[in-house]
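J.: Sequence:
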Amino acid sequence: MARPLLRDDIWTEIMPLLPPSPPRPKGGRRPIENQAALTGILFVLRSGIPLEMLPAEMGCGCWMSCWRRLRDFQAAGVWGRLPQGLLERLPAAGEIDWRRASLDSASVPAKNGALPPARTRRTGARRTRTATSSPMPSARRSASAWGGGTPHDSVTMAPTLDASPALRKGRRGRPRRRPEKLHADKAYDARPRRHECRARGIVPRIARRGIDSSERLGRHRWVVERAHSWFNRFRRLPVRYERRADIYEAFTSLAATLTTLNQIKRFC
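Mapping to this note's numbering: the sequence shown position 234 is 226, numbers consecutive.
Think of the hints as simulated: they come from the structure by calculation, not from any bench.
Check before you lean on any hint, since a few could be wrong.
Here are the simulated lysine to aspartate or glutamate pairs, DMTMM-like style, with alpha carbons at most 25 Å apart [to be verified]:
hint: 1; residue 1: K178; residue 2: D238
hint: 2; residue 1: K103; residue 2: D238
hint: 3; residue 1: K103; residue 2: D89
hint: 4; residue 1: K257; residue 2: E5
hint: 5; residue 1: K18; residue 2: E87
hint: 6; residue 1: K173; residue 2: D238
hint: 7; residue 1: K18; residue 2: D1
hint: 8; residue 1: K103; residue 2: E5
hint: 9; residue 1: K257; residue 2: E49
hint: 10; residue 1: K178; residue 2: D0
hint: 11; residue 1: K173; residue 2: D154
hint: 12; residue 1: K257; residue 2: E44
hint: 13; residue 1: K178; residue 2: D145
hint: 14; residue 1: K257; residue 2: E188
hint: 15; residue 1: K103; residue 2: E87
hint: 16; residue 1: K173; residue 2: E80
hint: 17; residue 1: K103; residue 2: E188
hint: 18; residue 1: K257; residue 2: D145
hint: 19; residue 1: K18; residue 2: E49
hint: 20; residue 1: K103; residue 2: E241
hint: 21; residue 1: K103; residue 2: E80
hint: 22; residue 1: K173; residue 2: E44
hint: 23; residue 1: K103; residue 2: D154
hint: 24; residue 1: K257; residue 2: D204
hint: 25; residue 1: K257; residue 2: D64
hint: 26; residue 1: K173; residue 2: D204
hint: 27; residue 1: K178; residue 2: D89
hint: 28; residue 1: K173; residue 2: D64
The calculated label-pair distances, taken between Cβ atoms and stated as ranges, are [unchecked claim]:
hint: 29; residue 1: R200; residue 2: D89; range: 21 to 27 Å
hint: 30; residue 1: L9; residue 2: R200; range: 26 to 32 Å
hint: 31; residue 1: V195; residue 2: P17; range: 31 to 37 Å
hint: 32; residue 1: P11; residue 2: H144; range: 37 to 43 Å
We put the beta carbon where it would ideally sit given N, CA and C, even for glycine.
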């Protein structure tokens, strides 16, 4: 028997964050349930099919209803708060290692072009880059920042470091968001990148061009490559079909939530 797309543990985490349904004083057709819409969204995220091809036999309503629910939950901050709430469970279990982190970026082709978040104008960029940081083996967290297809990958280093969530170990003490060291490949070998790390109290461990051998870079960087592999399992993410940045970010945040849940089940 196939496993359900919307597992009980996923629904338990999402349900408290959902905004209340808007009032309908004039009546009208009853909207589909949140569980049905989320099932359709998860099916699209995992399978990679267009929303317009969502099978009616699944009982998820029309594809536009699922798209609107995805958009509305993103605007309400649901997808952004989900990974943060899950990650707060890891420090208490000793699964966050602040000694070092690893950084890398991935280029995602935007088949239909990409609109800026405000949707004020059309951008000429045909690709969008996401930079994802993932700490070392005992740390199960990630952060991401977004940029257009034209800038260099290293430009997203500072936004990625700033996007790393602050986590608190237990009920006391100040939350922490910075690792002690940051490992990156030769693409980040630039003086401004090292300055950005030191300005945040992080020791840069960036491979130097013409000096450090590429054969030893994987010693501390394999975790971020593993994180990219986890995200690529969600077939909707390797190729961006959404022109709106908020919709693609919603899919990415939901994928991060599912990945974090799997790690919590293993280590907590």
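J.: Evaluate each hint against the coordinates.
T.: Here is how each hint holds up against the structure:
1. Restraint check: the Cα-Cα separation between K178 and D238 comes to about 31 Å, which exceeds 25 Å; the hinted pair is violated.
2. With a C-alpha separation of about 16 Å, the suggested pair K103 and D238 falls inside the 25 Å cut-off, and the hint holds.
3. For the hint pairing K103 with D89, the CA-to-CA distance comes to about 38 Å; that exceeds 25 Å, so the pair is violated.
4. Note on K257 and E5: the hinted pairing holds, with a Cα-Cα distance of about 13 Å set against a maximum of 25 Å.
5. For the hint linking K18 to E87, the alpha-carbon distance of about 51 Å lies beyond 25 Å, and the restraint is violated.
6. Restraint check for K173 and D238: the C-alpha separation of about 31 Å exceeds 25 Å, so the hint is violated.
7. At most 25 Å may separate the alpha-carbon atoms for a hinted pair to count; K18 and D1 exceed this at roughly 35 Å.
8. The suggested pairing of K103 with E5 is violated, with an alpha-carbon distance near 33 Å, which exceeds 25 Å.
9. Restraint check: the Cα-Cα separation between K257 and E49 comes to about 31 Å, which exceeds 25 Å; the hinted pair is violated.
10. Only pairs whose Cα atoms come within 25 Å are accepted, and K178 paired with D0 is rejected, the gap being roughly 43 Å.
11. With a C-alpha separation of about 15 Å, the suggested pairing of K173 with D154 holds against the 25 Å cut-off.
12. Between K257 and E44, the direct Cα distance comes to roughly 33 Å. Violation of the 25 Å bound is thereby established for this hinted pair.
13. In summary, the hint linking K178 to D145 is supported, as the alpha carbons are separated by about 11 Å, within the 25 Å threshold.
14. With a C-alpha separation of about 35 Å, the suggested pair K257 and E188 falls outside the 25 Å cut-off, and the hint is violated.
15. For the suggested pair K103 and E87, the alpha carbons sit about 38 Å apart, so the restraint of at most 25 Å is broken.
16. Under the criterion of a C-alpha separation no larger than 25 Å, the hint pairing K173 with E80 is consistent with the structure, at around 21 Å.
17. For a cut-off of 25 Å, the pair hint linking K103 to E188 is broken: about 33 Å separates their Cα positions.
18. Using a Cα cut-off of 25 Å, the hinted pair K257 and D145 is violated, with the two alpha carbons roughly 33 Å apart.
19. A distance of roughly 29 Å separates the Cα atoms of K18 and E49; the hinted pair therefore is violated under the 25 Å criterion.
20. As the CA atoms of K103 and E241 are separated by approximately 16 Å, the hinted pair is consistent with the 25 Å bound.
21. At roughly 36 Å between alpha-carbon atoms, K103 and E80 are farther apart than 25 Å, so this suggested pair is violated.
22. A C-alpha spacing of about 45 Å is found between K173 and E44, which places the hinted pair above 25 Å, so the restraint is violated.
23. Among the hinted pairs, K103 with D154 is inconsistent with the structure: their alpha-carbon atoms are about 29 Å apart, more than 25 Å.
24. Using a Cα cut-off of 25 Å, the hinted pair K257 and D204 is violated, with the two alpha carbons roughly 38 Å apart.
25. Distance check on the hinted pair: K257 and D64 sit about 29 Å apart at the alpha-carbon level, beyond 25 Å; violated.
26. The suggested pairing of K173 with D204 holds, with an alpha-carbon distance near 17 Å, which does not exceed 25 Å.
27. With a C-alpha separation of about 24 Å, the suggested pairing of K178 with D89 holds against the 25 Å cut-off.
28. A C-alpha spacing of about 38 Å is found between K173 and D64, which places the hinted pair above 25 Å, so the restraint is violated.
29. Taking 21 to 27 Å as the suggested C-beta distance range, the pair R200 and D89 conforms, at roughly 25 Å.
30. Separated by about 44 Å at the C-beta atoms, L9 and R200 break the suggested range of 26 to 32 Å.
31. Restraint check, V195 to P17: a C-beta distance of roughly 59 Å breaks the suggested window 31 to 37 Å.
32. Taking the beta carbon of each, P11 and H144 are about 38 Å apart, inside 37 to 43 Å as hinted.
Going down the numbered hints, you'll see the structure goes against 1, 3, 5, 6, 7, 8, 9, 10, 12, 14, 15, 17, 18, 19, 21, 22, 23, 24, 25, 28, 30 and 31, while the others check out.
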